[in-house]
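Chains as they are written, first to last, in this note's numbering: chain A, 104 to 606; chain B, 148 to 298.
Any given hint might turn out to be false.
Using 30 Å as the maximum straight-line C-alpha spacing, the simulated DSS-like pairs for lysine-lysine come out as follows [unchecked claim]:
1) A:K234 x A:K461
2) A:K297 x A:K461
3) B:K198 x B:K252
4) B:K172 x A:K447
5) A:K306 x A:K511
6) A:K392 x B:K208
7) A:K447 x B:K198
8) A:K392 x B:K198
9) A:K392 x B:K253
10) A:K392 x B:K223
11) A:K447 x B:K275
12) B:K209 x A:K367
13) B:K256 x A:K392
14) B:K267 x A:K447
15) B:K209 x B:K267
16) B:K261 x A:K511
Source of the hints: derived by calculation from the structure; they are not laboratory data.
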Amino acid sequence: MKRSKCASAAQWYFRRVGDPAYSSPAPFPPRMIAGPGAEQASRGVCGAPGGVTGSTFFSRGSAVVGRVTSRGVLCALGLLLAGTLAYAQTPAKVELQQAGQSGWRLQVNGADFVIRGAGGATAPGLLEKLKEAGGNCVRTWGVDTLEAKVSGGARFVDRAQQLGLMVVPGLWVEHERHGFNYADAAKVRQQREKILAAVRQYKNHPAVLLWGLGNEMEGPTSPTGSVAVLKEVEELARLIKQEDPAHPVMSVIAFNAAKIENVKRCCPSLDILGVNSYGGAAGAGEALKRGGWTKPFAVTEFGVRGPWEVATTAWGAPLEPTSHEKARTFYATQRLVTELNDGKEQCLGTFAFIWGWKQERTATWFGMFLPTLEKLAPVDAMTRAWTGQWPVQRCPEIRALNSAAAGKTAKPGQPLTATLEMEIPAGAAFTYDWQVVAESSTIGVGGDAEAAPAAFPDLVKQNNSTNCAFVAPSASGNYRLFVTVHDGHGSAATANFPFRVAP
Amino acid sequence: MKKLIIAALAMSGLALAAPDFGDHKSETLTTKAWKAHGAGNAEDALAYTAKCLELYEAEAKKMQAALKELPANEPKEETFKRWALNDVGTCLFIKGEVLLKKGDKKGAKEALSKLVGEFKFAQCWDEKGWFWKPADAAKQKLVELEFDEKK
Chain A
104 MKRSKCASAA QWYFRRVGDP AYSSPAPFPP RMIAGPGAEQ ASRGVCGAPG
154 GVTGSTFFSR GSAVVGRVTS RGVLCALGLL LAGTLAYAQT PAKVELQQAG
204 QSGWRLQVNG ADFVIRGAGG ATAPGLLEKL KEAGGNCVRT WGVDTLEAKV
254 SGGARFVDRA QQLGLMVVPG LWVEHERHGF NYADAAKVRQ QREKILAAVR
304 QYKNHPAVLL WGLGNEMEGP TSPTGSVAVL KEVEELARLI KQEDPAHPVM
354 SVIAFNAAKI ENVKRCCPSL DILGVNSYGG AAGAGEALKR GGWTKPFAVT
404 EFGVRGPWEV ATTAWGAPLE PTSHEKARTF YATQRLVTEL NDGKEQCLGT
454 FAFIWGWKQE RTATWFGMFL PTLEKLAPVD AMTRAWTGQW PVQRCPEIRA
504 LNSAAAGKTA KPGQPLTATL EMEIPAGAAF TYDWQVVAES STIGVGGDAE
554 AAPAAFPDLV KQNNSTNCAF VAPSASGNYR LFVTVHDGHG SAATANFPFR
604 VAP
Chain B
148 MKKLIIAALA MSGLALAAPD FGDHKSETLT TKAWKAHGAG NAEDALAYTA
198 KCLELYEAEA KKMQAALKEL PANEPKEETF KRWALNDVGT CLFIKGEVLL
248 KKGDKKGAKE ALSKLVGEFK FAQCWDEKGW FWKPADAAKQ KLVELEFDEK
298 K
């Protein structure tokens with residue numbers, strides 16, 4: 104909160120003195136200027152009613168963004184001091200170099216840097232687990248995450264730096280499918296200002312590796328990508344490079360080889376292309392190369408095959424792999440795209456998705472952790488891929504989840520059973536948690552937020568064992584039976600199957 | 148006479164149980180192999196893939212040899228013209244999948260490695276509207292197998 108107070112004053116200071124419109128360079132590192140929430144803070148704190156009378160100031164878009172008060176002036180003075188201290192922060196020296204005829208490598212402070220990354224890690228404790236697993240980089244989708252308080256109350260971006268992790272701050276670029284109109288000049292200008300403010304704020308932070316400009320903004324389901332959006336991505340990339348020539352700019356698309364042509368044509372200023380790809384991730388390098396992409400790329404989201412890429416039941420419910428099956432896919436994709444497949448020489452590294460948990464189709468489909476911070480097998484797989492070693496404590500391994508109800512239709516109230524085939528090491532004391540959950544009814548596109556569906560704990564009659572007895576819900580509909588196996592030492596395993604209830 | 152009748156009945160019974168290869172076209176055999184695999188009928192799936200390989204492997208090899216790389220932005224119809232290559236490649240992938248499901252990792256590896264090594268330009272049409280490459284999927288499966296072996 105204290106930081107935000109100062110941010111509003113700094114914002115004023117910058118706008119009057121450091122704004123390029125006033126032809127004067129910023130007097131102190133811009134990372135101290137206009138943090139996320141600064142506008143809110145300016146209304147609620149520095150410009151709070153009861154403050155000493157002050158004058159209203161305006162942004163270029165003429166929206167009131169704050170008031171100058173004596174408290175604000177004090178804040179600005181404080182910032183001058185803090186800004187001086189912040190000058191001590193030196194950005195990492197990040198360079199892209201050509202390696203051989205068509206290869207690329209990333210160097211940080213003069214040393215080769217292969218991205219061993221993950222997306223997420225926002226919950227306290229997860230950055231530490233990324234470091235422990237051998238990761239070296241974390242990607243966010245927005246800059247707000249950089250301010251999130253993580254372990255010990257530290258800012259995400261500072262904690263990452265303490266741990267020796269680099270950060271790819273996501274600079275959110277709005278999506279047309281969310282209603283953003285790229286023909287609206289005022290909105291486009293506002294977006295540019297917001298993005299450039301974020302760049303100014305963080306460009307000197309030593310943890311910043313490169314900029315992640317947008318995420319699937321060209322349209323996750325668009326066959327060739329929106330040209331209007333890609334043209335704006337180009338303009339943003341150009342402006343970012345003017346503001347911060349020290350960091351490469353990467354933009355992230357939902358990968359589809361048919362988009363490469365438009366990206367090449369519309370976005371010549373991009374240094375790196377980030378591709379989000381699941382079932383096709385291993386072949387991304389080859390596809391990019393064949394499509395004529397000659398610059399470097401990174402796989403910015405990959406992991407388990409998506410619900411849109413797997414077999415389904417007769418009513419269209421996708422069959423989710425077990426956590427062990429997912430681990431295999433993570434491992435194989437990582438090896439293929441970075442070490443084995445054509446195009447690997449252009450690949451700067453990967454970001455596993457998602458170092459955390461997320462409701463997307465199910466509560467467990469994409470998450471590499473449970474909300475309890477227990478790791479799942481994909482974390483073990485990435486540890487193996489990144490370090491060459493398995494973690495000391497491996498996750499439990501589910502071999503199969505069997506049930507006559509799997510993928511079938513049951514009668515309301517019908518008694519049902521399920522059995523786990525497990526690899527149980529000697530001395531292990533696993534616990535088992537079975538749950539009947541309604542199928543998600545708010546299925547988003549491109550990772551949009553989804554509400555968690557209802558659970559029916561009373562329907563499980565025999566729990567905490569490899570065998571489960573449960574009863575079909577009384578209401579007709581689509582459901583899943585989930586099982587989570589806990590080893591009691593911070594690791595877990597998951598599996599589920601869909602079933603249907605009809606009279 | 149009685150023995151002959153029994154033998155004839157037995158043979159007709161066997162004939163009934165044998166997989167129906169239909170018109171023996173590569174497309175038919177491949178479709179039937181997918182369906183049998185989907186239905187959990189491993190033996191029929193293996194029989195269809197074996198027949199497809201027996202009849203069309205040589206032609207598939209010729210088609211593969213004629214390519215240095217896959218043509219970029221090729222119309223769908225052109226891809227379908229390499230029918231033998233596409234179907235033999237797909238059948239090898241199905242064979243690998245079936246054998247894996249049966250627990251025959253060695254056999255699965257052989258089938259998948261053959262696909263990667265000899266038929267890498269095979270393509271399979273997905274009803275969702277795109278081609279995928281069985282050899283790429285096979286490569287992924289082979290590394291996934293390596294993952295399990297590295298325990």
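Okay, the hints, checked on the actual structure:
1. A:K234 x A:K461: holds, 21 Å
2. A:K297 x A:K461: Roughly 27 Å between the alpha carbons, so the hint for K297 (chain A) and K461 (chain A) holds.
3. B:K198 x B:K252: holds, 21 Å
4. B:K172 x A:K447: violated, 38 Å
5. A:K306 x A:K511: Given that 30 Å is the threshold and the Cα spacing comes to 54 Å, the pair is violated.
6. A:K392 x B:K208: At roughly 26 Å apart (the allowed maximum being 30 Å), K208 (chain B) and K392 (chain A) satisfy the hint.
7. A:K447 x B:K198: Answer violated: K447 (chain A) to K198 (chain B) is near 37 Å, above 30 Å.
8. A:K392 x B:K198: The hint is violated at about 36 Å.
9. A:K392 x B:K253: Distance of about 33 Å is beyond 30 Å: violated.
10. A:K392 x B:K223: With a Cα-Cα distance of about 21 Å, the restraint between K392 (chain A) and K223 (chain B) holds, given a limit of 30 Å.
11. A:K447 x B:K275: Holds. K447 (chain A) to K275 (chain B) sits at ~28 Å (cutoff 30 Å).
12. B:K209 x A:K367: violated, 36 Å
13. B:K256 x A:K392: Holds, at about 28 Å.
14. B:K267 x A:K447: Since the Cα atoms of K267 (chain B) and K447 (chain A) sit roughly 18 Å apart, the hinted pair holds (cutoff 30 Å).
15. B:K209 x B:K267: Holds: K209 (chain B) and K267 (chain B) sit about 13 Å apart, inside 30 Å.
16. B:K261 x A:K511: Violated: K261 (chain B) and K511 (chain A) sit about 36 Å apart, past 30 Å.
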